[in-house]
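> Produce the complete structure using the sequences and hints provided.
Residue numbers (this note's numbering), protein chains in the order written: chain A, 1 to 166; chain B, 1 to 417.
Warning: the hint list may mix true and false statements.
SDA-like, lysine to any residue: derived pairs with alpha carbons at most 25 Å apart [unchecked claim]:
{"hint": "1", "chain 1": "A", "residue 1": "Lys38", "chain 2": "B", "residue 2": "Val167"}
{"hint": "2", "chain 1": "A", "residue 1": "Lys38", "chain 2": "B", "residue 2": "Gly27"}
{"hint": "3", "chain 1": "B", "residue 1": "Lys28", "chain 2": "A", "residue 2": "Pro5"}
{"hint": "4", "chain 1": "A", "residue 1": "Lys64", "chain 2": "B", "residue 2": "Glu24"}
{"hint": "5", "chain 1": "A", "residue 1": "Lys64", "chain 2": "B", "residue 2": "Ala40"}
{"hint": "6", "chain 1": "A", "residue 1": "Lys64", "chain 2": "B", "residue 2": "Glu31"}
{"hint": "7", "chain 1": "B", "residue 1": "Lys28", "chain 2": "A", "residue 2": "Arg32"}
{"hint": "8", "chain 1": "A", "residue 1": "Lys64", "chain 2": "B", "residue 2": "Glu34"}
{"hint": "9", "chain 1": "B", "residue 1": "Lys124", "chain 2": "A", "residue 2": "Thr159"}
{"hint": "10", "chain 1": "B", "residue 1": "Lys28", "chain 2": "A", "residue 2": "Arg44"}
{"hint": "11", "chain 1": "A", "residue 1": "Lys64", "chain 2": "B", "residue 2": "Arg17"}
{"hint": "12", "chain 1": "B", "residue 1": "Lys28", "chain 2": "A", "residue 2": "Gly49"}
{"hint": "13", "chain 1": "B", "residue 1": "Lys28", "chain 2": "A", "residue 2": "Gly46"}
{"hint": "14", "chain 1": "B", "residue 1": "Lys72", "chain 2": "A", "residue 2": "Thr159"}
In short, the hints are calculated from the structure, not lab data.
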Amino acid sequence: MSNRPELGFLRRVVLFKDVEDHVLLALWPSFRERRLRKGDVLFRAGDPGEELYLIKDGSIVVSKPVTGRVEQVLSRLGAGEAFGEMSLFGDERRRSATCQAETDAALYSLDRDSLSRFITGSPVAAAKFFQQMAQVAFKRLRDSSDLVAEVTRWGLEATGLDIEHK
Amino acid sequence: MSEGGDKVVDSRPKRTRIELLVREQDGKGFETREIASGVAYLHSRPQRIPDADWEMARLPYAPAGIVTYALKNRRTEQIIQITETEKFLWHQMDGRASLQEIATSYLLHYGSFDFEIIPTLLVKLLRADLLTMRPVSRLRAVLARNRRNPAARAMEGTLHALERLTVTSRRSHQFFERVYRYGGFVLFTPWALIALAIMVVVGGRSAIAIWHDLSEVTHGLARHPVVAILLVKIVFWLTVVNHQIIHALACVHYRRRVREFGFTILHGFIPTFYADVTDIFMATRRARIVNAVAGPLFHLFLGFFCFWLAAHLEPGLIQGFLAASALLQLQSFLISLYPFWFLEMDGYHILVEMVGVPTLNHDSVRFVRESLWRRIRSATWPTRQEAICLAYFTLSVASVAGFVLLNVWLLTRAGKS
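Shown next, in the form of structure tokens:
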């Protein structure tokens with residue numbers, strides 16, 4: 001395995017962890033580095049989505065608007081995690097949530113065209129990539145359903161409603 | 001909370017929290033806040049349905065001597081049976097008092113608290129459609145409804161900005177426990193009272209001595225007016241912090257928890273430090289009174305201490321500053337102990353304990369607004385509680401009016417001179 005730092009970083013990203021070194025090295029020039037200051041909004045729910053992001057450093061908060069300036073925090077993502085794939089591969093090409101930097105952060109972005117070239121040019125690597133993406137998607141689905149249950153329980157506790165005996 | 005109460009809570013599933021992201025007014029930044037369901041529950045303001053929609057009657061039969069009432073929803077014809085204590089809670093549920101305040105009123109009124117009574121009653125009332133829940137203040141609700149109006153939007157923004165000035169530590173209890181352990185406990189021994197008495201006598205004599213040289217003292221201040229004002233203000237602010245620390249230490253002394261310590265803009269316009277010592281309501285009546293008195297007594301001590309120091313100095317800025325600070329401390333002592341302001345300061349809490357009307361401020365305003373004219377027209381004698389409410393209201397109105405008139409007089413006098 002090469003000691004190149006970009007390879008070391010991509011290996012930490014779960015989506016690329018099974019992809020061969022030479023494919024990753026070929027893909028690397030397509031990544032664009034992007035830096036965010038604490039509090040910067042990367043994109044908002046409803047924006048058109050054209051890029052997948054990998055977090056090099058820092059923390060990203062994913063949130064969904066609730067009312068006015070208040071949003072529900074859905075998750076926090078840290079170094080080595082990826083996000084933004086839903087608008088690239090999902091049923092809608094728009095961002096489903098808002099992502100913002102909780103700390104100063106460094107990201108790598110990969111646009112739709114580069115990702116398409118990677119998929120068509122390396123089908124075996126793409127299969128491994130999608131296998132990991134499916135696992136990530138299932139985990140996020142599980143986390144979301146846990147959050148729904150948690151928020152429902154919060155609502156019941158906060159209002160004192162006794163549904164069982166109503 | 002009692003140990004028994006803790007055990008009950010521990011056996012339940014952990015209360016949930018949600019994490020919210022609140023964006024800044026300009027949209028450039030944000031902060032995240034965790035809100036526990038228990039906190040949201042305690043801050044909810046249950047409101048009974050309009051008075052015309054319900055009626056209550058005492059039931060003629062009282063099995064085992066327990067007085068009960070029938071509470072009827074006139075719209076749905078549903079009737080539930082409630083006890084005397086539940087009737088007390090029902091009357092508190094006017095949409096202005098939070099569940100936390102209602103629980104405090106209950107405790108002060110009955111001297112003990114059953115942790116299940118409020119949730120049980122809420123369920124009963126909700127089933128009979130006798131209740132609506134209010135989550136936020138009326139002002140904020142009105143402002144939120146009128147965001148199209150620039151003035152309402154500006155006011156909402158201002159209130160939000162002021163709220164953001166709140167700095168709070170919820171982990172302050174351990175800190176105050178350490179302060180108490182390493183010396184703070186001395187304040188709650190007879191030695192502290194003896195020291196206070198000595199200081200009042202010694203400082204009182206110094207104050208008389210300073211009074212005789214008043215012109216020299218005031219000249220010291222007048223020569224450096226800006227520095228003098230700044231010094232007096234800064235030191236006064238520091239003593240306000242100390243006042244709150246003393247309350248927190250009193251709370252620790254009676255083995256209760258200091259829930260929060262911080263700085264906030266009270267009612268949106270009064271900058272102040274505060275210690276959340278509401279856990280003291282779970283302690284004895286003596287503990288509550290000691291807690292209320294401890295803060296003002298600190299001002300008394302400091303006031304006479306400043307007089308004593310000032311008397312030993314040569315005329316000049318420092319002497320003038322100490323004398324002015326002493327007067328400010330004594331003024332703080334009197335104001336915080338004076339109960340008739342419509343403000344729930346230390347003196348108010350002591351008064352409430354003495355007369356046994358836990359929601360006196362609220363009750364007195366309600367009595368005057370809703371029942372006083374009816375009483376006058378029917379020419380019937382008020383009950384003891386109504387008489388207390390009327391006296392409190394009258395004295396508070398007189399005090400506020402007197403305070404305003406005094407300040408007007410001082411300003412006009414200063415203008416003429």
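> A separate judgement is required for each hint: does it hold in the structure or not?
We went through each hint and held it up to the structure:
1. A:Lys38 to B:Val167: holds (21 Å)
2. A:Lys38 to B:Gly27: holds (13 Å)
3. B:Lys28 to A:Pro5: Violated, at about 33 Å.
4. A:Lys64 to B:Glu24: Holds, because 16 Å separates the two Cα atoms, which is no more than 25 Å.
5. A:Lys64 to B:Ala40: holds (20 Å)
6. A:Lys64 to B:Glu31: Judged against 25 Å, a Cα distance of about 14 Å means the pair holds.
7. B:Lys28 to A:Arg32: holds (24 Å)
8. A:Lys64 to B:Glu34: Status holds; Cα separation ~15 Å.
9. B:Lys124 to A:Thr159: holds (14 Å)
10. B:Lys28 to A:Arg44: holds (13 Å)
11. A:Lys64 to B:Arg17: holds (17 Å)
12. B:Lys28 to A:Gly49: holds (21 Å)
13. B:Lys28 to A:Gly46: Given pair lysine 28 of chain B, glycine 46 of chain A holds - Cα atoms ~18 Å apart, limit 25 Å.
14. B:Lys72 to A:Thr159: holds (23 Å)
In summary, the one numbered hint that this structure violates is 3.
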